[in-house]
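Top to bottom, those sequences are chains S and L. With the first sequence counted from 1, adding 4 to any position gets you the numbering used here. With the second sequence counted from 1, adding 495 to any position gets you the numbering used here.
Keep in mind that the hints are not guaranteed to be accurate.
Said to hold, decoys possible - Within a straight-line C-alpha distance of at most 20 Å, the following computed EDC-like cross-link-like pairs (lysine to aspartate or glutamate) qualify: (1) S/Lys328 - L/Asp550; (2) L/Lys610 - S/Asp508; (3) L/Lys615 - S/Glu514; (4) L/Lys583 - S/Glu510; (5) S/Lys64 - S/Glu93; (6) S/Lys321 - L/Asp537; (7) S/Lys321 - L/Glu632; (8) L/Lys610 - S/Glu101.
What the hints assert, rightly or not - Heads up, incomplete: computed chain S residues facing chain L, CB under 8 Å, no partners named: (9) Gly194; (10) Ser443; (11) Lys444; (12) Glu477; (13) Cys479; (14) Lys481; (15) Gln491.
Because the hints were derived from the structure by calculation, they are not lab data. Ideal placement from N, C-alpha and C gives every residue a C-beta, glycine not left out.
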Amino acid sequence: MTRINSAAELEELRQGILSKKDPDKPSIAICAGLSCLSLGNCKVIRAFNEEIRKQSLESKIDVITTGCHGFCEKGPIVVINPEEVCYLEVKPEDVPEIISQTVIGKKVIDRLVYTDPNSGEKAAHMTEIPFYKNQMRVLMGNNSKINPQSIDDYLAVGGYSALAKALFEMSPVQVLEEVKIANLRGRGGGGFPAGRKWETTRSAPNEVKYVIVNAHEGEPGAFMDRALFQANPHSVLEGLIIGSYAIGSHQGFIYTRHDTPELRKNIDLALAQAEEYGLLGENILGSGFNFKVEVHFDVGIFVSGESSALMRSIEGKAPEPRPKYIRTSVNGIWDRPSNLNNVETWANVPQIISKGSEWYNSIGTDRSKGTKLISLSGHVCNSTVVEVPMGTSLKEIVYDFGGGIPNGKKLKAIHFGGPMGGTIPESLIDTTLDFDVLSKLGASMGAGDMLIIDEDTCLVELARYFLDFLSGESCGKCVPCREGIRQMQNILTNMTKGKGKEGDIELLEELAEVIGAAALCSLGRSAQKPLLSMLKYFRDEFEAHIKEKRCPAHFCKEAALEGA
Amino acid sequence: MSEIILQIDGKEVTANKGMTVLEAAQQAGISIPTLCHHRKLDPYGGCRFCTVEADVRGWTNYVAACLYPVANDLVIRTRSEKLDRIRKMILELLLAHAPDAFDLQDLAKEYGANKDRFEKESSFCIHCGLCVRYCTEVKKQNAITFVDKGKTREISFIPEIASKECWNCKECFPLCPTEALQAAYVLAQALVFPIPSLESTPKE
């Protein structure tokens, strides 16, 4: 690899890469996202490589292993390019036939393509499958086209052109303004305007400033950031470099989990390749701008995703949050201004710089712009990651993308935002995806993790489960969080065992008030949110457990309830 | 140092920049109750017992007085119905662990806290961190620390350090509002202190 010293050289390199790629040469893109890996795609990849070797087709067919394509329920997924023929649930024994029939013979194998469960209609191409067709895959669209471990693949789809534009055609302030006008709001949970946050860090007096990618996705049900980062690490990195330029930072950090080795490998490779090309380090693209990135790992506790705890962790200290009125954008790592955004937020930045704020503002609702990654899980036919424009109705997400509720069950509720989010009932299914609308209903979007709940689920048990998770993942420093959560969990556990007492709900509400007001950090102050939203919409279910010793969802063991 | 004027419980209070609300209140003779605070130690903000109401930009925030910095025109209330409810609940939560701690019992009387509200789990320790912080900040020995996280967090002596440093110090003992600290020490001592250090100790 040679170092690139100007925007023109970058374009030259890109043209060189593209000219070496024959657009008609067949290439087989095999999804190696987490879900497909666990469905045994290793064997499929091996089978393809062996078959190609056996038939001496190495020079005629490319095989690339890509990141997550999204349709996880139907994995392992194989896409045959350039025709974009999409095969689902591929097994190693299908491989010889795929090569002879589709790759060489250009014929579609009917048995492997998508069949609509209702109409029975077949769809062979990715662009025809309703699951893909109806999404707006701005961030995830390239996942099936690139090998995440190859920077050349990213360059081939236009990668780093936004960075060149920012560095050579725009001043840092212009970049900042563009992001502000685009109304990009943080995707990590708060929905805080990213541009305003950047501005605070930019105008903070300290010379040394930091920018950070929060890739510490830790709550149950959230897996979109990992899907995106692992599949297209350079898109996040490019956003980070552009952000550092706008903010005036020369040191970035990527904070991620210690237990995601596949992601770690892709991040490390992306950083090394970007540095070799001169897209990171000293004098980036010959612009005179310097920027370095370090990767840091957590120590296995959920609270280290909280902004101030995360920064302490980077300092090498125990990840205990600091009080909220210390603004990390001014006093962050080593008390220096530090701007933190999550994976998805950073990945939006190159898109905004390339296509402009006007384009970005044309997607979404009044106050929530752009697309949003949603990780769907729970009682839904397709557990998956989808990318939809803000303003999409929840009904569409659950039924059109999620494929509805399995086993003929009825939808009962939708839970957003994991253990610090909220639940809304089925009756509000026409609600649209929007930071403020959802937050008003008591179910803030969080990072975009949507848990689908069917009629057989007991919400007392679900509330208990979330608190159980938090009681182990809190740092344990402050009394309201450590002790309050523990007692709420005890009360709910008793309820599920038929030992609920009159006054329990009131006690829960009293505890919720204290935790919400007096806990030290946002983990504690949000811990009561799921429970409060469930009490708002499903209070009778809690009352039935106490007064009638009955679980309306028939989940809590009847015998235990009656015997109490 | 520049002077700052704020209001605490309707009274105009003068403070210096960099002071906390608790310091400003103490200087003005206004009492704010605390559990984990100690004048020799850095503010900690763990017990949240000193929570007060702070009016900032039209919003009422609940903040820990021991950490919250003073600012001009800040309006602070140290008592309200909600604050009393918060403090009562904090006491009740802690009394489940340490029902016999005198400090807690005294405060329980004042705030009407019921020590039997929650099921007892007498681990004794209330995690105020006075021992841990005193050892770290004043003695600079780090012989005692917190281990684990969430609801399983507890204090623990580091045997290798404790066996050398603690016998002749024990300055943290009187700081403890409960019996937990001494118990943890006795346990650490029984399990791991090397015999020579026991032999060399003066007979009491």
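Here is what the structure says about each hint:
no.	hint	in the structure
1	S/Lys328 - L/Asp550	holds (15 Å)
2	L/Lys610 - S/Asp508	holds (17 Å)
3	L/Lys615 - S/Glu514	holds (19 Å)
4	L/Lys583 - S/Glu510	holds (15 Å)
5	S/Lys64 - S/Glu93	violated (25 Å)
6	S/Lys321 - L/Asp537	holds (17 Å)
7	S/Lys321 - L/Glu632	holds (15 Å)
8	L/Lys610 - S/Glu101	violated (74 Å)
9	Gly194	violated (16 Å)
10	Ser443	violated (16 Å)
11	Lys444	violated (18 Å)
12	Glu477	holds (6 Å)
13	Cys479	holds (6 Å)
14	Lys481	holds (5 Å)
15	Gln491	holds (5 Å)
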